[in-house]
Amino acid sequence: MSDAPHDEPIPAALSARSSDELPVIKPGHTYASVTDKISTIVLTRQTSRGWLLGFALSFALMTAFLYATGYLFAKGIGIWGTTIPVGWAFPIINFVWWIGIGHAGTLISAVLLLLHQDWRTSINRFAEAMTLFAVSCAGLFPLLHLGRPWVFHWILPYPNTMDLWPNFRSPLVWDVFAVLTYFTVSILFWYAGLIPDLATLRDRARSRIGRIAYGMMAMGWRGSAAHWHRYQVAYVLLAGIATPLVVSVHSIVGMDFAAGIVPGWHTTIFPPYFVAGAIFSGFAMVMTLAIPLRAAYGLQDFVTIRHLDNMAKVMLATGSVLAYGYLSELFFSYYSGNPYERYVSINRALGPYGWTYWALIACNIVTPQLFWFGPMRRNVPVLFVVSLIINVGMWLERFVIIVISLHRDYLPSAWHIYHPTFWDFTHLLGSIGLFFTLLYLFIRLLPMISIFELRELVHETAEES
Amino acid sequence: MAEAPRRDELYGLLAEFEQSEALLEAAGKAHAAGHTKMNAYTPFPLEGLSETLGQKPTRLPLIVLLGGILGGSGAYFMMYYASVISYPINVGGRPLHSWPAFIPITFELSVLGAAFAAFLGMLALNGLPHPHHPLFNVPAFNLASRDRFFLCIQARDRLFDVDRTRQFLEGLGARVHEVPP
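Sequences listed follow chains V and H, in order. Just so you know, this note's numbering puts 363 at position 363 of the first sequence, and the rest follows in order with no gaps. Just so you know, this note's numbering puts 155 at position 155 of the second sequence, and the rest follows in order with no gaps.
Isolated chain H (complex conformation):
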């Protein structure tokens, strides 16, 4: 596979749309045209955009499940260890392994584990924190958090060619910005 042209000079081309429908349409066409290294940027979550771009569903739910299981089982075994192995106290012959009394803390720490997994997992999968990014060099990109919708086709995309990609994006009715690396 040949190295994408002018990779060093450009991060990609950024198309700016005024309407969310226009972006969704453009994303569908870009996906159909075979672009893969691209992403869309919107001021709020747009339903179906991720699928339209051909992105895979996230593994986050699995991570959250594991976090919850880890928190809950850790809590339960901690209490088991403390009450049965480390410091058993005979209180009127009551069972040392009094599992019903261990349920509330097991529940709380399951929730805690799952919450940390959801929060940190989301950040990690999103590659955050990542304070510097080439897109921030485009002044118009400020509007991605206000009322504009963007589609960026990256220079490392297999089909990327500055002129042809620019024509393609302009043909979709977008204003096109160059993104320096």
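Isolated chain V, as found in the complex:
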């Protein structure tokens, strides 16, 4: 990769008075150059050592996940530290964490499309893939947590010999519908976006297997005027319905908690504050993935400093909403006059798990303040480290909400100190392995940047200049 394009020289990026002056695609690219650049990553490049190493590591972690799951099925959920009164613990923390991460993908692809933000083009494809894989990881945890996962279909409404229905008044049942819908719509949206690019790969593939496989998946896409017309209508409509969907999904996740009478959960701020937290953590994960990817595959021309800068701004904004959520939690626990609510706040900060609360404040509230400064938003190593810190912080947030609220609720006789076990951590790390295994396969087999939208971007930038 000696001829790999480099970042805009930092001084030039810093001297740009506003980030709007930075380009969303490096000037000088043509339809052919963007097509070849992205499609060769998939088609002709040898599998690199870095890819093999990363894939092997992820795959090993995923295998650990499978092993832990097999053990779980054999022994039951007693292998985890989850026990009354902390009945939710790690599996639900991981569920909320993963599904929150997924939300940025939909936000980038749908909301920014509707708002005509052309900078989304280079990052929407792998952000959508990230959504899909994160939701896959998320969906596994409630299933594993069921205790008897082989009867998971009991939560779906279907005619059955028990003559029973799920309780449609329960947020947990809403959650099943929300997550399944979200997963399905994410697949449809992602696949719809891929079809023209699969046709591009079909036409570029040199091997027979490649031509057949991509040809089958492209379904005979020819890019005719009529095709494109219907395609664009479908794509915008999908974006339009995915936008309220993404808000509804995490709102319903918030309601899972808010509908319970556990002190610290029973607040109306939860749905909006969960949505803000989801977007915050999702953008952090997009950043965590984008920075190594653009370096490894020389994509600095397409994923420019402008993209990173904009994402940092979104993180700053949603992080501020999140800070407001934390403050309002504190205020209402005081203002409610309810001794249990007040105790939860004190216990969060000063109780046995107090360090997690302060770590969460440091990760999610203090660290993103760096993004007020332009040079920090354009400094790639800083962005990478901050995004990792935010990922950790958001996991801690769910730990604080779930474990600290549950472990001391009403009667002190029922209090209990929760300890995660080896298997809790295996499932958490294993799900990260599953996520990265899927991601590695994706970047090897499918175009990680939307090729046809880049061609469109080249067309538009040429027209403007």
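Some hints here could point you the wrong way.
[Said to hold, decoys possible] Residues from chain V shown here face chain H by an in silico Cβ test under 8 angstroms; the list is partial:
hint : residue
1    : 35
2    : 73
3    : 77
4    : 174
5    : 188
6    : 213
7    : 216
8    : 224
9    : 229
10   : 230
11   : 237
12   : 455
Since the hints were derived computationally from the structure, they do not count as laboratory data. For each residue, glycine too, the CB sits at the ideal point set by N, CA and C.
Guided by the hints, dock chain H onto chain V, whose structure is given.
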């Protein structure tokens, strides 16, 4: 109406352009000349191309609306049926038809219905999957997914005549390929 000449030997003539503007201009002229059975092929959606070719706006939005209505009403009535008719449970005298609690799932399944309608409707109206097509027999057509712009006038067009159509297309500055059926 007479059968178009040499229909069996040819799918049509394919004109290749290097610039999107040239294709748009050619599409406008072909439409003005009265060609109807034709289509243009581009590596990315070109604004206004479909209208220039005289294609009608798609009915897809209506299909999506119907999909959404079907999903939402199906969900609502399922919950109504389950809670009021099939298995009514009196919980402290609360209403069986507790509609506010039914809204989230109604919303989710409306979105699901609309999304399936948008995706499958787009494929169906586009006639996909359709893995084999005469155009794929033209080697240069590979570039339709890279950086070339194509206009194909089909042999079944009323005004189609191999020589005259070829002259017409070449007059627009295009390289012309024959498309075997």
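These are the hints, each one checked on the structure:
Against a cut-off of 8 angstroms between C-beta atoms, the interface hint on residue 35 of chain V holds, since the closest Cβ of chain H lies about 5 angstroms away. For residue 73 of chain V, the shortest C-beta to C-beta distance to chain H is roughly 29 angstroms, which exceeds 8 angstroms, and the interface hint is violated. Annotation: residue 77 of chain V was flagged as interfacial toward chain H, and the flag is violated, the nearest CB pair being 27 angstroms apart, outside 8 angstroms. The restraint placing residue 174 of chain V at the interface with chain H holds, with a minimum CB-CB distance near 4 angstroms, inside the 8 angstroms limit.
With 8 angstroms as the threshold, the beta carbon of residue 188 of chain V comes within range of chain H, its nearest partner Cβ sitting at about 4 angstroms, so the hint holds. With a least beta-carbon distance of about 12 angstroms to chain H, the hint placing residue 213 of chain V at the interface is violated under the 8 angstroms criterion. Against a cut-off of 8 angstroms between C-beta atoms, the interface hint on residue 216 of chain V holds, since the closest Cβ of chain H lies about 7 angstroms away. The interface hint given for residue 224 of chain V holds, since its Cβ lies 4 angstroms from the closest Cβ of chain H, which is under the 8 angstroms cut-off.
Look at residue 229 of chain V: its Cβ gets to within about 4 angstroms of chain H, closer than 8 angstroms, so that hint holds up. For the restraint placing residue 230 of chain V at the interface with chain H, the shortest Cβ-Cβ distance is roughly 5 angstroms, inside the 8 angstroms limit, so the hint holds. Hint status for residue 237 of chain V: holds, given a least beta-carbon distance of 5 angstroms to chain H, under 8 angstroms. Among the interface hints, the one on residue 455 of chain V holds; its C-beta lies about 4 angstroms from the nearest C-beta in chain H, closer than the 8 angstroms criterion.
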